[in-house]
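When the count follows numbering that gives the first Met the number 0, it moves up by one through the sequence shown with no breaks and lands on 307 for the last residue.
Some hints could be false.
With a straight-line Cα cutoff of 30 Å, these simulated BS3-like cross-link-like pairs (lysine-lysine) come out [what the hints assert, rightly or not]:
1) Lys198 x Lys167
2) Lys77 x Lys167
3) Lys77 x Lys135
4) Lys167 x Lys135
5) Lys61 x Lys167
6) Lys135 x Lys61
7) Lys61 x Lys77
Calculated from the structure, these hints are not laboratory results.
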Amino acid sequence: MYRRRFLAGGIAAGAGALGRSLAAPARTAPQGSTTRPFRLNYAPHFGMFQHHAGPDLLDQLKFMADQGFRAIEDNRMKSRPAQMQEQIGRELQRLGMQMGVFVAAADFQNVTFASARQDARERLLGEVRDSIEVAKRVRARWCTVVPGRFDPGLEWDYQTTHVIENLKRCCELLEPHGLAMVLEPLNPWRDHPGLFLTKIPQAYLLCRSVGSPSCKILFDIYHQQITEGNLIPNLERSWNEIAYFQIGDNPGRKEPTTGEINYRNVFRAIHSRGYQGILGMEHGNSRPGRDGEQAVIDAYRWCDDFES
């Protein structure tokens, strides 16, 4: 029943349909913007432009909107006071901006989704319930899930089965609210050794097995350049299960143009498929201060200026 109600609400599976149904109107500048919007919907995070906008989060939102950004993401949103979440949600609505992902569940130290323990499942479901309330306050439609560590003492296929079952239980809670968890594979070589989910094909298998519009892929371009490369073919093969992208160049995890990834070509490939969802700017600034913040904006303007 929940799945039928959820689908009737207009959220279709797959990046193209999901991006179109959940995104703000394409190519329109946020209210108050003095510059043209980007061709793709890039989402900065709080702190990225604090030397221009100051420490106040709402002032930072206004600055982002004025630069032509139409979305924001905030991994820390769940830890912010409920009153602050509500203020951010209202300001996003006033500015005509979207809320991108926040972290719903991401345990880097313990076996969580790969466990069959009932107490582990109850903790996960509790995190999902809390995340639903956060999403209501900030009007979010996506939240990030990292399925925890793998169990070195258990056969891999058993663990995969446990992950699928736990994801299905989470979807039962998420679907009635139109909220999608996006599974993020993280690289094991540079940043996050020991985690269960590392590759896009693995995330694709999980999403297809769960079979819910509330379980999709977060394609983090930085992580996947390190883990497997072959970025454009991999995003094309997994396209129907991708709901969200994140950005960072490699090496260094800074803004595009600072590393080896040809982001102008990657953005062209994403745009060519009609994607109107969000691309989170989950990276640092390569240079400090106001000059470094302007360099981030300039890098996105350059990479966004691709030929269709």
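Please work out if Lys61 and Lys167 have their alpha carbons no farther apart than 30 Å.
-> violated (38 Å)
Given the hint that Lys61 pairs with Lys77, does the C-alpha gap stay at or below 30 Å?
-> holds (21 Å)
Please work out if Lys135 and Lys61 have their alpha carbons no farther apart than 30 Å.
-> With a Cα-Cα distance of about 21 Å, the restraint between Lys135 and Lys61 holds, given a limit of 30 Å.
Compare the distance between the alpha carbons of Lys167 and Lys135 with 30 Å, and conclude whether the hinted pair is satisfied.
-> holds (21 Å)
Below or equal to 30 Å on CA atoms is what counts here, so check Lys77 against Lys167.
-> holds (22 Å)
Taking only the CA atoms, is the gap from Lys198 to Lys167 under or equal to 30 Å?
-> With Cα atoms ~20 Å apart, Lys198 and Lys167 stay inside 30 Å; holds.
Given the hinted pair Lys77 and Lys135, is their alpha-carbon gap at most 30 Å?
-> Roughly 12 Å between the alpha carbons, so the hint for Lys77 and Lys135 holds.
Consistency note: the structure conflicts with earlier hint 5 alone.
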